[in-house]
Amino acid sequence: MNIVVAIKHIPSIADDLPVKGNNVDFDSVDFVLNEWDEHSIEQAVLIKEAVGGTVTVVGVDLIGELDNALHLALAKGADKVVKITADDPAADSHQQAKWLAEAIKGMGADMVFAGVQASNDIDGQIGPMIAAYLDMPYIGGTSAIEVSGNTATVSKEFPGGVGMKYSVTLPFVAGVQSAPKPPRYAPVSKVRQMAQTATIEKVAPTGEASAGLAFKKMAPPVATGHAEMIEGSPKEVAAKIVELLKSKGLA
Amino acid sequence: MLTTIEKILFILLALVSAGFTVHGFKTIIDTIRMGRPAPELKNIPASLLKAGVTVLFQQTIFKARKVLSAIHMGLFFGLITYAFVNLVDALEGLVPNFDLIYSGKHLSPPAWTVPLINAYNLISDVMSGFLLIAITVFLVRRFIVKDKALAYRENVLLNPKVKAGGQAKDSLIVGVFVIMHVSAHLMSQAYRLTEGADPFMPIASFLNSIFGASQTGVHVAWWISIGWVMFIIPYLSRSKHTHFFMAPINLGLAKQNPRGQLDPAIPLKVIDGRKYDPGAKVITDLAWTRIMDAYACVQCNRCQDVCPANFYGRPLSPSALEVNKRYLLKEATFGSHPDLLLAPLTETVISPEAVWSCTTCYACVRVCPVGNEPMADIVDIRRRMLIDGFEIDSGVQNALQSLATNGNWMGKGKRLRGRWAKEMEFPVKNATEEPVEVLWFVGDTASFDERVIPNTKMVARIFHQAGLDFGILYQNESNAGNDVRRVGEEGLFEQLVEQNMAAFGKAQFKQIVTTDPHSFNTLKNEYPQFGGKFEVKHYTVTLLKLFEEGKLTVKNKLSHYKVTFHDPCYLGRYNGGFTAPRKLLELLGVEFHEMPRNCENSFCCGAGGGQIWMGKVAPGERPAENRIKEALTTFERHPNEKKQLFIVTCPKDMVMYSDAVKTTGNEGKIEVRDIIQLVAEAVGVEEVSQIVG
Ligand SMILES: Cc1cc2nc3c(=O)[nH]c(=O)nc-3n(C[C@H](O)[C@H](O)[C@H](O)COP(=O)(O)OP(=O)(O)OC[C@H]3O[C@@H](n4cnc5c(N)ncnc54)[C@H](O)[C@@H]3O)c2cc1C
Ligand code: SF4
Ligand code: SF4
Numbered sequence: 001m002n003i004v005v006a007i008k009h010i011p012s013i014a015d016d017l018p019v020k021g022n023n024v025d026f027d028s029v030d031f032v033l034n035e036w037d038e039h040s041i042e043q044a045v046l047i048k049e050a051v052g053g054t055v056t057v058v059g060v061d062l063i064g065e066l067d068n069a070l071h072l073a074l075a076k077g078a079d080k081v082v083k084i085t086a087d088d089p090a091a092d093s094h095q096q097a098k099w100l101a102e103a104i105k106g107m108g109a110d111m112v113f114a115g116v117q118a119s120n121d122i123d124g125q126i127g128p129m130i131a132a133y134l135d136m137p138y139i140g141g142t143s144a145i146e147v148s149g150n151t152a153t154v155s156k157e158f159p160g161g162v163g164m165k166y167s168v169t170l171p172f173v174a175g176v177q178s179a180p181k182p183p184r185y186a187p188v189s190k191v192r193q194m195a196q197t198a199t200i201e202k203v204a205p206t207g208e209a210s211a212g213l214a215f216k217k218m219a220p221p222v223a224t225g226h227a228e229m230i231e232g233s234p235k236e237v238a239a240k241i242v243e244l245l246k247s248k249g250l251a
Numbered sequence: 252m253l254t255t256i257e258k259i260l261f262i263l264l265a266l267v268s269a270g271f272t273v274h275g276f277k278t279i280i281d282t283i284r285m286g287r288p289a290p291e292l293k294n295i296p297a298s299l300l301k302a303g304v305t306v307l308f309q310q311t312i313f314k315a316r317k318v319l320s321a322i323h324m325g326l327f328f329g330l331i332t333y334a335f336v337n338l339v340d341a342l343e344g345l346v347p348n349f350d351l352i353y354s355g356k357h358l359s360p361p362a363w364t365v366p367l368i369n370a371y372n373l374i375s376d377v378m379s380g381f382l383l384i385a386i387t388v389f390l391v392r393r394f395i396v397k398d399k400a401l402a403y404r405e406n407v408l409l410n411p412k413v414k415a416g417g418q419a420k421d422s423l424i425v426g427v428f429v430i431m432h433v434s435a436h437l438m439s440q441a442y443r444l445t446e447g448a449d450p451f452m453p454i455a456s457f458l459n460s461i462f463g464a465s466q467t468g469v470h471v472a473w474w475i476s477i478g479w480v481m482f483i484i485p486y487l488s489r490s491k492h493t494h495f496f497m498a499p500i501n502l503g504l505a506k507q508n509p510r511g512q513l514d515p516a517i518p519l520k521v522i523d524g525r526k527y528d529p530g531a532k533v534i535t536d537l538a539w540t541r542i543m544d545a546y547a548c549v550q551c552n553r554c555q556d557v558c559p560a561n562f563y564g565r566p567l568s569p570s571a572l573e574v575n576k577r578y579l580l581k582e583a584t585f586g587s588h589p590d591l592l593l594a595p596l597t598e599t600v601i602s603p604e605a606v607w608s609c610t611t612c613y614a615c616v617r618v619c620p621v622g623n624e625p626m627a628d629i630v631d632i633r634r635r636m637l638i639d640g641f642e643i644d645s646g647v648q649n650a651l652q653s654l655a656t657n658g659n660w661m662g663k664g665k666r667l668r669g670r671w672a673k674e675m676e677f678p679v680k681n682a683t684e685e686p687v688e689v690l691w692f693v694g695d696t697a698s699f700d701e702r703v704i705p706n707t708k709m710v711a712r713i714f715h716q717a718g719l720d721f722g723i724l725y726q727n728e729s730n731a732g733n734d735v736r737r738v739g740e741e742g743l744f745e746q747l748v749e750q751n752m753a754a755f756g757k758a759q760f761k762q763i764v765t766t767d768p769h770s771f772n773t774l775k776n777e778y779p780q781f782g783g784k785f786e787v788k789h790y791t792v793t794l795l796k797l798f799e800e801g802k803l804t805v806k807n808k809l810s811h812y813k814v815t816f817h818d819p820c821y822l823g824r825y826n827g828g829f830t831a832p833r834k835l836l837e838l839l840g841v842e843f844h845e846m847p848r849n850c851e852n853s854f855c856c857g858a859g860g861g862q863i864w865m866g867k868v869a870p871g872e873r874p875a876e877n878r879i880k881e882a883l884t885t886f887e888r889h890p891n892e893k894k895q896l897f898i899v900t901c902p903k904d905m906v907m908y909s910d911a912v913k914t915t916g917n918e919g920k921i922e923v924r925d926i927i928q929l930v931a932e933a934v935g936v937e938e939v940s941q942i943v944g
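Chains Y and G, in that order, give the protein sequences. Quick note on numbering: the working numbering labels position 18 of the first sequence as 18, and the sequence is numbered without any gaps. In short: position in the second sequence from 1, add 251, done, that's the working numbering.
None of these hints come from the bench; they were simulated from the model. Among the clues, some could well be false.
Derived PhoX-like pairs: lysine-lysine, alpha-carbon spacing no greater than 25 Å straight-line [said to hold, decoys possible]:
1. G/Lys808 <-> G/Lys834
2. G/Lys757 <-> G/Lys506
3. G/Lys520 <-> G/Lys293
4. G/Lys673 <-> Y/Lys20
5. G/Lys293 <-> Y/Lys190
6. G/Lys802 <-> G/Lys761
7. Y/Lys20 <-> G/Lys663
8. G/Lys314 <-> G/Lys412
9. Y/Lys235 <-> G/Lys913
10. Y/Lys190 <-> G/Lys532
11. Y/Lys190 <-> G/Lys520
12. Y/Lys235 <-> G/Lys920
13. G/Lys665 <-> Y/Lys190
14. G/Lys893 <-> G/Lys834
15. G/Lys893 <-> Y/Lys20
16. Y/Lys235 <-> G/Lys894
17. G/Lys913 <-> Y/Lys240
18. Y/Lys181 <-> G/Lys532
Anything over 12 Å on all C-beta distances counts as not near chain Y; from chain G, calculated [unchecked claim]:
19. Phe261
20. His274
21. Glu291
22. Leu330
23. Ser359
24. Thr387
25. Asp556
26. Glu741
27. Pro870
28. Ser909
C-beta atoms are modelled at their ideal positions from N, C-alpha and C, and glycine is treated no differently.
Assemble the whole structure, with the sequences as input and the hints as a guide.
The following block contains the structure:
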């Protein structure tokens, strides 16, 4: 089983997000791994553990700091890591999907996993676009993938507690919503060991694609209203709320 | 006294007994040697001697249970005496016409020895009586009263043999032995008294008045008394009473490093080029000193009594851990299950849930009379579980991931660490940019938690007002790693140490001060192993010094407050920081009352060792809630109208206890305050905060 996982580096929102011009000030943010990618790595490793095979993790190195994420992937059980040396922090999902698809093309993948979306642009299109470029079927929003022979059973969860199982013939591309188990913890000693011993394969970015969209303006949201905290004992607070509702003609 | 045939029988029996005894102790020693190298012990003869003295005066057992401990002391002296009595009994059997009754007159001893012989007769006679009573008390306690302290919670993992009452069987055998042995000795003496009472042998004389004298009786009683000894000595090496021998040795070889310094995850010393994985999966992964713990354990459950996790119903019992280790070793070495040596500890001695319930409060290690370290085993087991990819609590995992990427457990960006300082009305120096006298290591909770930041700012104002030249590391500070290490994430701990050491390297300072006892502990006790050469103080010590130097003065005495003080584990029990906070409170003029559990015996708030990160909250009365009740009961004994305060000196405590006051419905009755808030009120710094606020 040859599983390829596409991962995405995105600006961390643990800090305040600094804005410069029409985009994020990429020089003063840390980049972190997209949260959903942790799930797609976990999903891939779980399949490998169940039926054997290799897991290759590939990502676009936007600012020259992807190595740590790749070492983390190795510590979690990936066998091989590849980085596309793009060095362009502003590259959009469409461009990244093209680069990724070109890199994945020669890998002979039975399955390609991408996170169902990334929280920086909430675009959700990298998976479907890779599928299109590779001419493979796409299934998104997966919550569990099990493989037997040439077929995968893919679970999805829908609103209202409804679940659905699909039977998908390999090869295919999946947008992973969640792994069936919480992503495992990679002990730092293992990550550091990987950093010292592992080799990261480097691939030059090839191909061009664009969403045809341009950032018009990026700014922190301006507070329009404000919340008033009512002070006092629960009784006093309740009385004030009733008064307020009455004054607005709501009670 | 003995016939030739009896003598031959005796010698044969003695040889067999010695053979089993040697085999028993050799097995124990071989088993202990299977353990990993322990941190180097210095000056072993001296510490063994010290342990001998400690054991002689039974000092360590008096840390808890005073009355029973006194009886235990009596038992101990009784048994020591009896070693001597048995020697004399053996002589009586083997040397013709040897006995000491009637002032030893059958031996025609020199006159000066007569008082000694009389004293011996009196002591051995009275001690025999005492032993019979004392053993009865302990047997009644175990079998009739069924003292709860000797029981385990239902949810605690127990070796099947322990569950089936193996320990009780041990106690019964040894108890019955002592009763039979001592009674037989008394009877052997009573039967000898052919000439009526001996005033120096009141009990034997009394028995003689009932049973009379008898040569056959002397033989039968002698054989029962000494025969039992031949049986019991080899038995001891195979029972829980190995502690007779192993406890003093274990105490002599107990941890010498500071309490706050964990043993490394991989031994520093390597034997025969062996390769070690971090932490412990199977019993031989433990340091040899901690394999020995199992043999030394007296199974008294004192450690369980003080364990905060056990208190609120978690499946953790430090004593069960030691007892299970002991039974596992027994079955593996004396029994027929050598495979148990390769069985995961998490399946045989402690459940994974119990492993993750420990707050690393050190109470169990502190209270143990024989120097055992159950907590160290737990940390080692965590270390290996993490490496082996055991599924860990999601809250702990999130905290660790954030610590690895952001250097703090709260999911906040590095650059936000110094935000509180930028909001101050005076500039707070960046110690990496300009030299400072005192480098304040602020810690995560005090830097990021909105509930605690007002206190953090208060500390800054007081330092500023006192003219202390201080600075902080801003984004260069990372979590000190104390709890990271205790959760078992040794690699992450090392990474954090490297980050902080790099930050310290960029800064110029004379001393570090911390507001967080956890950071204080690791900076003081563990960073030196990573090259840290600096003096570390807790802010309570710094504040006290500022008062003593007159740089801070009490303007308003706070006599309108009635307060109690909670010793944080990592300041108090770990580092002995008991006096500074108490002296401060005295200076501030509050009415102070000590809670029953204070100083060394303080009760953990439940947050340490990573517990504060846990996503899942177990049901049951939490330690912090119990502590708030303890404070209120303390106050009830001193009723008046004063405002009641629960004083803390740890940012985590501020959070833990403020929550506990709410969840126990005691808002209005008691308020949690950091000592800095009282200091501020007393020195009159509040006005500044009003200007700002
Ligand atoms: C990555 C990702 C994240 C998401 N996150 C959220 C979230 O956080 N919260 C949330 O509520 N939802 C979320 N969604 C769901 C999303 O809001 C809508 O479900 C989605 O926009 C619908 O598009 P679709 O392609 O899934 O559905 P499709 O069924 O493919 O397309 C639906 C749309 O196509 C058009 N259409 C389809 N069939 C016809 C027809 N026969 N005739 C005319 N028009 C037609 C209609 O405009 C219709 O609205 C997410 C979706 C994705 C992919
Ligand atoms: S360190 Fe504290 S919580 Fe852990 S086992 Fe010992 S007493 Fe219990
Ligand atoms: S570990 Fe120490 S305190 Fe605990 S039961 Fe054993 S001897 Fe007693």
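For each hint, the structure was consulted:
| no. | hint | in the structure |
| --- | --- | --- |
| 1 | G/Lys808 <-> G/Lys834 | 14 Å, holds |
| 2 | G/Lys757 <-> G/Lys506 | 35 Å, violated |
| 3 | G/Lys520 <-> G/Lys293 | 15 Å, holds |
| 4 | G/Lys673 <-> Y/Lys20 | 22 Å, holds |
| 5 | G/Lys293 <-> Y/Lys190 | 34 Å, violated |
| 6 | G/Lys802 <-> G/Lys761 | 19 Å, holds |
| 7 | Y/Lys20 <-> G/Lys663 | 21 Å, holds |
| 8 | G/Lys314 <-> G/Lys412 | 30 Å, violated |
| 9 | Y/Lys235 <-> G/Lys913 | 17 Å, holds |
| 10 | Y/Lys190 <-> G/Lys532 | 17 Å, holds |
| 11 | Y/Lys190 <-> G/Lys520 | 22 Å, holds |
| 12 | Y/Lys235 <-> G/Lys920 | 19 Å, holds |
| 13 | G/Lys665 <-> Y/Lys190 | 23 Å, holds |
| 14 | G/Lys893 <-> G/Lys834 | 21 Å, holds |
| 15 | G/Lys893 <-> Y/Lys20 | 56 Å, violated |
| 16 | Y/Lys235 <-> G/Lys894 | 23 Å, holds |
| 17 | G/Lys913 <-> Y/Lys240 | 23 Å, holds |
| 18 | Y/Lys181 <-> G/Lys532 | 24 Å, holds |
| 19 | Phe261 | 61 Å, holds |
| 20 | His274 | 42 Å, holds |
| 21 | Glu291 | 24 Å, holds |
| 22 | Leu330 | 49 Å, holds |
| 23 | Ser359 | 77 Å, holds |
| 24 | Thr387 | 54 Å, holds |
| 25 | Asp556 | 34 Å, holds |
| 26 | Glu741 | 7 Å, violated |
| 27 | Pro870 | 23 Å, holds |
| 28 | Ser909 | 18 Å, holds |
Going through the hint list in order, the structure does not satisfy hints 2, 5, 8, 15, 26.
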